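Colleague: Residues per chain are reported as follows:
Number of protein chains: 2
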Amino acid sequence: MSRETGHSLAAQVDRLGRAQVARRERPVLREARITLSHGSGGKASRNLIDGLIAPALGMEDALTQVDSVILPVTTGRIAFTTDTYVVSPLFFPGGDIGSLAVHGTINDLAMTGARPLALSLGFILEEGLEVEVLRRVLASIAAASAAAGVRIQTGDTKVVPRGKADALFINTSGVGLVAEHLTLSPAGAVPGDRVLLSGSVGEHGIAVMLAREALEIEADIRSDSAALHGLAAAVLEAAPGTRCLKDPTRGGVATSLNEIARAAGTGIAIEEERIRVLPEVRGACEILGLDPLHIANEGKLLAIVPPEQAAAALAAMRAHPLGRDAAIIGEVLDQPGDMVVLRTEAGGSRVLDMLVGDPLPRIC
Amino acid sequence: MSRETGHSLAAQVDRLGRAQVARRERPVLREARITLSHGSGGKASRNLIDGLIAPALGMEDALTQVDSVILPVTTGRIAFTTDTYVVSPLFFPGGDIGSLAVHGTINDLAMTGARPLALSLGFILEEGLEVEVLRRVLASIAAASAAAGVRIQTGDTKVVPRGKADALFINTSGVGLVAEHLTLSPAGAVPGDRVLLSGSVGEHGIAVMLAREALEIEADIRSDSAALHGLAAAVLEAAPGTRCLKDPTRGGVATSLNEIARAAGTGIAIEEERIRVLPEVRGACEILGLDPLHIANEGKLLAIVPPEQAAAALAAMRAHPLGRDAAIIGEVLDQPGDMVVLRTEAGGSRVLDMLVGDPLPRIC
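For the protein sequence lines, the chains are D and F, in the order given. Throughout the first sequence, residue numbering follows the numbering used here, covering 123 to 486 in sequence. Throughout the second sequence, residue numbering follows the numbering used here, covering 123 to 486 in sequence.
Bear in mind the hints are in silico, worked out from the structure with no lab data behind them. Hints are supplied without guarantee of correctness; some may be wrong.
Which copy? The list can't say, so a pair holds if one copy fits it or any two copies do.
[What the hints assert, rightly or not] Computed cross-link-like contacts, EDC-like style, restricted to lysine to aspartate or glutamate with a CA-CA straight-line distance of at most 16 Å:
{"no.": "1", "residue 1": "Lys286", "residue 2": "Glu248"}
{"no.": "2", "residue 1": "Lys286", "residue 2": "Asp456"}
{"no.": "3", "residue 1": "Lys286", "residue 2": "Glu453"}
{"no.": "4", "residue 1": "Lys286", "residue 2": "Asp413"}
{"no.": "5", "residue 1": "Lys286", "residue 2": "Glu153"}
{"no.": "6", "residue 1": "Lys286", "residue 2": "Glu254"}
{"no.": "7", "residue 1": "Lys286", "residue 2": "Glu393"}
{"no.": "8", "residue 1": "Lys286", "residue 2": "Glu430"}
{"no.": "9", "residue 1": "Lys286", "residue 2": "Glu249"}
{"no.": "10", "residue 1": "Lys286", "residue 2": "Glu394"}
{"no.": "11", "residue 1": "Lys286", "residue 2": "Asp475"}
This structure is a prediction, so every number in the text was calculated from the model and none was measured.
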């Protein structure tokens with residue numbers, strides 16, 4: 123079933139078809155009003171998207187599971203993605219809304235295996251915003267864009283009256299070029315595949331939360347916000363059979379793994395002891411009653427890789443500055459039910475669910 | 123100098139270079155705070171974009187004058203654009219924020235001569251928004267997208283707390299395929315070229331304003347919001363030498379013509395009597411003290427066409443449902459100073475400036 127057999131594309135299409143049929147009934151949006159949970163990236167978000175937005179637009183809900191779309195263009199194929207950033211506060215340790223908007227959209231492209239070509243930049247600015255704030259954000263955008271080697275190529279700016287926005291919001295969309303042979307998809311995971319994670323979890327969400335709230339917690343936690351296209355390319359070169367890549371942003375690693383399990387119609391088991399959590403992050407999570415696996419990351423990569431290429435993928439990650447702490451954290455199980463199980467250090471196990479509700483709104 | 127001589131591309135590049143050199147010094151953003159005028163699409167917007175945003179990003183300001191960017195993709199070329207919609211109210215005669223977001227971004231692509239391939243959809247939703255409102259907007263997006271034959275292919279949804287947005291905002295970005303030979307550019311206008319306009323002006327801005335304000339004006343004015351890619355393609359087929367296309371949105375026909383004159387380093391003269399204004403729009407403008415040439419349109423096309431192809435372009439426009447009232451409204455002058463002159467019906471003439479300030483905020 124691996125890509126190397128020469129039957130990879132047909133096999134993947136077949137798996138996609140079966141995942142489609144096996145998928146549970148379409149979720150229903152029951153609420154009459156939008157709540158903060160609808161923007162969480164977790165279950166309520168899925169209800170909103172698959173229960174309302176996708177059907178209203180005639181989109182397959184499989185389409186809403188991936189952040190970028192691949193378009194046939196004459197002989198090439200382009201990836202095209204969009205993301206809006208409403209993070210609060212605008213500035214936080216390790217980043218700001220500007221660098222985040224560059225990294226996040228590059229990462230959405232990178233998860234399709236695309237080489238990012240260009241970004242767009244759409245601002246909504248609140249009347250009364252200090253120009254100095256905008257200037258700082260722009261400088262950060264420029265720096266992040268230059269460091270990543272991906273330029274802002276088109277843009278748009280709107281201003282709304284005071285009180286009709288919160289300082290500034292950013293949309294970045296992006297296009298990228300996809301190599302001819304690549305067909306990464308969460309539905310492509312098959313039993314036996316290994317789950318790789320490029321580093322420690324939870325820094326971004328906790329860094330933003332600590333910057334926002336007047337909490338008693340004193341901890342030096344910086345966002346991990348970073349552009350992942352270089353790391354993704356290294357993994358794909360080392361492990362060309364890679365099934366899918368995923369950046370565990372809103373909803374964290376737990377939500378991303380649940381999305382993969384659901385798309386593939388398989389189970390996933392991960393080992394708690396293999397997942398690195400910085401002590402400061404673990405401490406903050408304990409005080410706040412949060413699971414680090416539900417916290418957003420902005421510079422981490424999950425990869426689902428066939429077992430025979432897992433060692434090569436791991437070595438490629440560890441050789442990259444953004445993947446030094448990479449680990450094989452688990453594997454895809456031959457088990458229906460789309461369940462993600464966490465095997466604890468104590469020897470027990472528990473079901474790892476998607477994020478429910480939104481303990482950390484506006485972290486991106 | 124026309125495209126038919128076989129030297130078109132070289133000539134255009136040359137003209138672009140000269141326009142670059144001839145351009146006035148970069149505008150300076152003097153304000154310490156963002157005002158509503160910075161979102162007007164007029165002079166203050168240019169000061170913000172060319173005085174702050176473009177230099178902060180290392181963009182040539184020529185790049186900020188066009189709404190889409192053309193990217194080389196293996197053998198093909200794609201156009202890529204973004205636009206954010208914050209129109210208030212959300213619903214108005216002739217359209218709503220959803221149809222507008224589809225039409226506006228398709229039109230940005232169409233102005234490059236591209237065939238639109240795909241749109242993205244990024245929502246910012248305010249906590250407490252009635253789902254029914256979102257449902258209506260989505261239905262409108264779906265209808266506009268289906269009618270235009272351009273699908274929403276990727277999206278993103280964020281929710282912000284009550285009071286941090288105004289019901290909902292939309293970003294749509296788009297990609298399109300550009301025919302190999304096309305190099306439309308406002309800098310491509312040369313003296314003698316004719317200026318074509320596809321129909322009457324001012325309906326969109328006035329329709330939105332009347333829907334928003336509790337004014338004493340009773341008038342049945344509907345937005346002209348429409349997707350222009352079909353009309354644009356018809357013009358380009360009939361007049362392959364077309365220099366540039368432009369949809370006169372924020373800032374109106376006057377601002378668009380000034381942008382073309384500035385990019386090309388030429389003057390433009392237009393005849394007032396050739397410009398169609400519906401009596402209801404004229405009446406509303408007189409009461410409000412506004413010039414219809416400064417009012418936003420969302421379904422009109424300006425085309426700069428070499429004189430020998432102007433009749434064919436006009437016929438093609440008139441044969442299209444969206445161009446029935448098309449007219450040749452003026453011509454490009456061999457006159458430095460980048461000035462747009464309006465020759466009045468009374469036989470006089472006056473300088474037609476870009477929009478200054480923003481009498482109609484949030485019309486798109």
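Colleague: Determine for every hint whether it applies to the structure shown.
Modeller: Here's how the hints hold up against the structure:
no.	hint	verdict
1	Lys286 <-> Glu248	both (7 Å within a copy, 10 Å between copies)
2	Lys286 <-> Asp456	neither (50 Å within a copy, 46 Å between copies)
3	Lys286 <-> Glu453	neither (46 Å within a copy, 42 Å between copies)
4	Lys286 <-> Asp413	neither (33 Å within a copy, 28 Å between copies)
5	Lys286 <-> Glu153	neither (24 Å within a copy, 21 Å between copies)
6	Lys286 <-> Glu254	neither (20 Å within a copy, 21 Å between copies)
7	Lys286 <-> Glu393	neither (46 Å within a copy, 40 Å between copies)
8	Lys286 <-> Glu430	neither (54 Å within a copy, 50 Å between copies)
9	Lys286 <-> Glu249	both (9 Å within a copy, 13 Å between copies)
10	Lys286 <-> Glu394	neither (44 Å within a copy, 38 Å between copies)
11	Lys286 <-> Asp475	neither (35 Å within a copy, 30 Å between copies)
When each numbered hint is compared with the structure, violations occur for hints 2, 3, 4, 5, 6, 7, 8, 10 and 11.
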